[in-house]
Amino acid sequence: MSDTPDTLRLPLDEVQPGAVLAEAVADARGTVLLPAGLALTEIHLASLRRRDIAMLTVVVPPDPAELARRREEIRERVLHLFRHSADDPAAQALLQAVLAFRQEQAQ
Amino acid sequence: MNEAPTLADVAGRIRSLPAMPTVALELLHTLTETDASSADLVDLARRIAQDQAITARVLRVANSPFYGLQSRVASINDAIVVLGFSAVRSLVLAAAVMASLPGGPCTGFSQERFWRHVLGTAAAAQAIGKRLGRPSEALFIAGLLHDIGRLALVVLYPARYAATLAAAREQDRGLQETELAFFGFDHAAVGASLAEHWHFPAEIADALAWHHQPDRGKAGGLAAIVHYADAIAQALDLDESEDSQVARLQEDAVASLGLDWDALLAVLADTQTRFDSYRLMLG
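Order-wise, the sequence lines are chains A and B.
Residue 44 in the numbering used here sits at position 41 of the first sequence, with consecutive numbering throughout.
Residue 81 in the numbering used here sits at position 78 of the second sequence, with consecutive numbering throughout.
Calculated directly from the structure, the hints in this document are not laboratory data.
Do not take every clue at face value.
Chain A is nowhere near these chain B residues, computed Cβ spacing over 12 angstroms in every case [unchecked claim]:
(1) Ala-22
(2) Thr-58
(3) Leu-62
(4) Gly-111
(5) Ser-113
(6) Pro-161
(7) Arg-163
(8) Ala-165
(9) Ala-170
(10) Arg-176
(11) Asp-240
(12) Val-257
Restraint ranges, calculated between C-beta atoms of paired labels, are given here [to be verified]:
(13) B:Ser-19 to A:Glu-76: 39 to 49 angstroms
(14) B:Leu-20 to A:Pro-67: 47 to 57 angstroms
(15) B:Arg-219 to A:Ala-39: 24 to 34 angstroms
(16) B:Ala-272 to A:Glu-17: 33 to 43 angstroms
(17) B:Gln-174 to A:Ala-89: 13 to 23 angstroms
(18) A:Ala-89 to B:Ala-169: 21 to 31 angstroms
(19) B:Tyr-70 to A:Glu-79: 28 to 38 angstroms
(20) A:Ala-71 to B:Ala-222: 43 to 53 angstroms
(21) A:Gln-95 to B:Glu-245: 17 to 27 angstroms
(22) B:Ala-170 to A:Val-63: 26 to 36 angstroms
(23) B:Asn-80 to A:Glu-45: 23 to 33 angstroms
(24) A:Asp-66 to B:Val-84: 46 to 56 angstroms
(25) B:Glu-245 to A:Pro-20: 38 to 48 angstroms
(26) B:Tyr-70 to A:Val-35: 12 to 22 angstroms
Glycine is no exception: its CB is placed at the ideal position from the N, C-alpha and C atoms.
Chain B extracted, bound-state conformation (with noise of 0.2 angstroms):
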């Protein structure tokens, strides 16, 4: 294996991973305007439907019995329209990033697997926010996206981080921290740097940089929710890896959510319920 790459290696050869696709770049950034308007929304859902492979993912979610709907929706359109465009926007971002962001080959990484966590994670955030009283499509996003460090970690440098889940799963350590021991920085790390340079949304780079560490990331943000819903997935069995185990949490962040007995119980139930829907996006 040749020499471990710093940060800054990273950084330079982020240019060389799979384009981010441009809807999926430009619903992003939409995120931070209240009111976009019907005819941008229009020509939007016109560009996303021109992509049959997403539609046909956002679609099978959309008609899940999580959303209770009367009738099947059949096009971007009519789900704008029945389920409101912002649940729709995360859907088709969740689709987009799925059907373009492939992991390639590295031994002992799962793409499945990969997906259904950070799925079961974006779950869990909408239910722990739901509680809270917190707008729900921004920690989806910032579930679906917490890991994508991991991706680029696996794209650019195969060999090392098929070496680096051989450890982890020979030592039985978790993964960050062998992350840490095989390159010197970990893929939260590496999704700050992806956040940077895709413009993403501050309060999404926030968690991505620090849902390992909540307490270095901004007060009241994002990074403690999606903290403790990747706990939630693991401990769910969401991603159905045999040797995942819960990453060890940070008293505070959770302590700051306040949930207590009933509303925990509450909230596993409802990632539950949310869960079953999103997977299907995965075929």
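Chain A on its own, in the form it takes in the complex (with noise of 0.2 angstroms):
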């Protein structure tokens, strides 16, 4: 049930400012340069050319459609997990947190 990105590998050459990363950029020697999940600045591309990097696995941006498909899915869940107690006052609460919570982890 986990959400997991779709990843690319691409040339750095190709690597856009804002792009995420989705594995940790490391060295020839295995020295982590860069964590998995930032968005690259000019500056961090600048700095991985003067390192000689030549590829990137970054994080491929879900499309709106696929995001709308994706909150959907959530909402349809949320309301199933709570099929048996929706009208109680205290779960609807418990209800909206859970759902804009998970939506919001969706992106």
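Join the two chains into one complex using the hints; note that each chain is given alone, in its own frame.
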């Protein structure tokens, strides 16, 4: 049920600022230069060029239609989980919070 | 299937369950002591370290990003120095209980999901406790052990429990109410018997007994927090069970926690982070 994003391995020249690293970047000796999850800036990219890093694995940003589909999937799942308790006022607050949290996480 | 057992039958057969490991019981009993002396701690650390299965599970969690350590801890002793006795005590207890209380074969019962759910509940209980300024450790342990009566039923009455699970699934009913229909009592009552048998601290016993009916537990006790934490673990799908459902919530118990929207969102995020660390214990 985890929403692991798609990743793409690209030559450094094709990576644009703003792209998010899917894997940490390490030099030839295995020392980590940049951690996974980092949104790359022009400064990062320049530094990687200086260090002769050729390829990067970046996260493919989900397209809006895919994102909408995923949000709907989460909504249905959460409503299903609360199928016996959604009319409790106490559960209602939890339902709304869980829905907001899980949809936010999916992005 | 034989005649339904009574709660007294269950209590009588508890002795035949796998023993709760001595280390775990001793740790539980130290929960009520405010200052364990350092000699005791060293002794305890040495004895825990002899059990490699427990040590390995604990170190996996201690080295997870949640604790944000600069360097790797390689022994229980190191872990106590860096994380503190109470954090390590909780982890050791969890690892010891998991290693020593196998559920046994019961159709439809997943041990893996069981442990995921209780670790998720423990994480959620701590996350709520943090917002309320409540001590973390007892909440972790109460969450970890809240469904332990279910494990006992699985081991003692595998056929009847399998039928209970199947009926709950087919009729899409809550598991606790289906237990009441099949046994005449639920896992919370069995948990209370176990707590008595093993002399659990009173606040833990109260949470085990009343996590589905927190209004009957001690006012201001742990039952209300575990009650809500149980629902949070279900709502976040932490056990990854397709047919799970959020159990009915007692409005007064939830209201007594006083969590507003922002606090609730923070609790959810904190729960997820803690759980991602605790789940490493499952290997």
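Now the hints, each set against the structure:
1. Ala-22: holds (36 angstroms)
2. Thr-58: Non-interface label on Thr-58 (chain B) holds, nearest chain A Cβ at 27 angstroms vs cutoff 12 angstroms.
3. Leu-62: holds (22 angstroms)
4. Gly-111: With a cut-off of 12 angstroms, Gly-111 (chain B) remains clear of chain A, as the shortest Cβ separation is near 19 angstroms.
5. Ser-113: Holds, because the least Cβ-Cβ distance between Ser-113 (chain B) and chain A comes to about 15 angstroms, which exceeds 12 angstroms.
6. Pro-161: holds (26 angstroms)
7. Arg-163: holds (23 angstroms)
8. Ala-165: holds (22 angstroms)
9. Ala-170: Holds, because the least Cβ-Cβ distance between Ala-170 (chain B) and chain A comes to about 15 angstroms, which exceeds 12 angstroms.
10. Arg-176: Not fine: 8 angstroms to the nearest Cβ puts Arg-176 (chain B) too close to chain A.
11. Asp-240: violated (6 angstroms)
12. Val-257: The claim breaks: Val-257 (chain B) does not keep its Cβ more than 12 angstroms from every Cβ of chain A (closest is about 4 angstroms).
13. B:Ser-19 to A:Glu-76: 39 to 49 angstroms: At roughly 46 angstroms between Cβ atoms, Glu-76 (chain A) and Ser-19 (chain B) fall inside 39 to 49 angstroms, so the hint holds.
14. B:Leu-20 to A:Pro-67: 47 to 57 angstroms: holds (54 angstroms)
15. B:Arg-219 to A:Ala-39: 24 to 34 angstroms: This hint is violated: roughly 48 angstroms between Cβ atoms.
16. B:Ala-272 to A:Glu-17: 33 to 43 angstroms: holds (34 angstroms)
17. B:Gln-174 to A:Ala-89: 13 to 23 angstroms: Roughly 19 angstroms apart at Cβ, these two residues keep to the hinted range, so it holds.
18. A:Ala-89 to B:Ala-169: 21 to 31 angstroms: This hint holds: roughly 25 angstroms between Cβ atoms.
19. B:Tyr-70 to A:Glu-79: 28 to 38 angstroms: 36 angstroms Cβ-Cβ, so the 28 to 38 angstroms window holds.
20. A:Ala-71 to B:Ala-222: 43 to 53 angstroms: holds (46 angstroms)
21. A:Gln-95 to B:Glu-245: 17 to 27 angstroms: holds (24 angstroms)
22. B:Ala-170 to A:Val-63: 26 to 36 angstroms: violated (45 angstroms)
23. B:Asn-80 to A:Glu-45: 23 to 33 angstroms: violated (47 angstroms)
24. A:Asp-66 to B:Val-84: 46 to 56 angstroms: holds (49 angstroms)
25. B:Glu-245 to A:Pro-20: 38 to 48 angstroms: holds (41 angstroms)
26. B:Tyr-70 to A:Val-35: 12 to 22 angstroms: holds (19 angstroms)
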